[in-house]
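Here's the letter readout for the chains.
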Amino acid sequence: MRVLGRLTIRQKLTSIAMLSSITALVSASFAFLAYDLHSFRQSLARRIMTDAKIVSFNSVSPLLFNDAETATATLGGLKAEPAVVAAVIRSQDGGRPFATYFRDGPSAARPAFPPRAAAGPVFTADHLLVSEPIRFEGKPLGTLLIQADLGEIRDRQRRYAGIVLAVLGGSFLLALAMSRLVEKTISRPIVHLADTARAVSSQKDYSVRAAAEGSDEIGLLVGTFNEMLDQIQRQDSDLKEARADLERRVETRTRDLAAANKELEAFSYSVSHDLRAPLRAIDGFSKAVLTDYSPQLDERGRHYLERVRAATQRMSQLIDDLLGLARVSRRELVRKRADLSEIASQVGAELSRRQPTRQVRVDVQPGLTAEVDPHLLTIVFENLMGNAWKFTGKKADARVEVGRQADGSAPTFYVRDNGAGFDMEYADKLFGAFQRLHAEADFEGTGIGLATVQRIVTRHGGHIWAEGAVDKGATFYFTLERNP
Amino acid sequence: MSSRPILLVEDNRDDVELTVMALKESKITNPVVVARNGVEALDYLFGTGTHAGRDASDQPVVVLLDIKLPLLSGIDVLRRMREDERTRRTPVVMLTSSDEREDIAATYDLGANSYVRKPVEFEGFLVAARQLGLYWTVLNEPPEPAGGR
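Residue numbers (the working numbering), protein chains in the order written: chain A, 1 to 484; chain B, 1001 to 1149.
Be aware that one or more of the hints could be misleading.
Said to hold, decoys possible - Below, computed lysine-lysine pairings styled on DSSO-like, alpha-carbon distance capped at 30 Å: (1) Lys1024/B / Lys184/A; (2) Lys336/A / Lys262/A; (3) Lys287/A / Lys1027/B.
Read the hints as simulated data drawn from the structure, not as lab findings.
None of these values were measured; they are calculated from a predicted model.
Based on the provided sequences and hints, a complete structural model is requested.
Right, here's the structure in full:
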């Protein structure tokens, strides 16, 4: 069956036709041969038995008168039957044979007759043995035994086999030719359908159609296949159209986005330059008044001018932070393998350098690496560690800790401090721009730092969250996707 | 040498006044020439237009060049200066009002010697001047003893 599976449909059809025709022919031939052989054996047995009856009748008087010569002559009459090889007459006393006959002369090999043979015909491997009693008035006088050979049957078998083989060969060729003719009407449309299917799948050309012929199952199959192709062609063209439309839309959006980005860039440029200019004037001239007109000013006047200067400094910081946030959003993300431990250590060192009077213990876990934008991650650590630094300002044993959480899933980095902490109830407000959980008087800041950090983390495909309690410190966790 | 002027290219009157004030406060006594835009600056540097007849070989000790200017931007002025043999080696300190990284990168690419943020952070300016080897001339103080740097 496995061999059959590998054949083409044409070969299969031919094989089926050939197999069934040969099976029919062979079984018919064998049946005929068997019947013929059987009837031939029957007729031979009948013939020999008739001969035996005649000879036995004619042998009565030679036996009665003990005339062996006449008996032998009577047996010689069997010459007319060429199948008879030998014949013998035994007298009833069972002594030596009364008379014998040998077809091929007395010198030929003599067949051995069984001492007692059953009446009637008996077939052996290559002989027919017929035994006939010789009686006179119901009294047994002796027995006639005739042996005939079956050579004729074997000849006949050989001839028959030859004929059967010749007929088989002839019919094989004829059946082959016929099946080829018939097979074409089935296999051609299927082969054509297969070729069409192959063309469709290899060239992605959904416009070809299989030629339909006939209204049988194959015709139905071809029709359905063509219908299917119709649908695919429709869907394919719909899909292409949709994709083209999508591409057009993406292109338009990209253009719009690029324009918006450019506009935004121009906006932040102008914010950074133009918004700052008046601030510089306010601050600069306030300072000039403070220095040049100090004698004319009383304590309150000086205080007001200091407040003006502090406000302009704060406004300037706000502008810087907003620009930083905008820059973080529009800057292209360039990922590479970065040593976060190194970045955090440098940020820590810079913080100590800026505020040498502060005693803060900074612990950075070594070997923190990730596939990130190192510049943006520097901003993350500047903000998170800067916050930790700031909010531990009122602690005697200030500690800032940077590390990676050792749980199985995506690596989670954290920045932990033992500072002022926050109320978890307001945890969701931490990352909004301008959101602050502490009074400006307690801890200075613009409230933009964490919004910037969140934007960077989000741009890396990660997320950020915080845990803390009032006066128990805070921990900021963040993930950065695409980490090993 | 010490009387060579400083060219301040700045369109904002407040900034001009504040810068002059800051220079004075830092005891820098070189005269300050102010150009209100890029074209005027180039006219001064090359002795053309409103400054026709000025000797272009007499270059200022340093050009304080604002990036954002009307007409020609500071970056354009810098490019033109670096293209001309007479102004190629004139020290230029860019004045920026932000730390816009693109600007800073562009000015260094074009051959700016340094940059400082406005309002002129005189600490920063003095560091820049020191790096340019202008410190002593600009500050109009006696030169440092040989080998003391």
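### Message
Holds or violated: Lys1024/B and Lys184/A, Cα atoms, limit 30 Å.
### Response
108 Å, violated
### Pairwise hint evaluation, Lys1027/B against Lys287/A, where the allowed Cα distance is 30 Å at most
Status holds; Cα separation ~17 Å.
### Query
Going straight from one Cα to the other, do Lys336/A and Lys262/A come out at no more than 30 Å?
The given pair, whose Cα atoms are some 27 Å apart, holds under the 30 Å limit.
Hint check: a violation occurs at hint 1 only; the rest are consistent with the structure.
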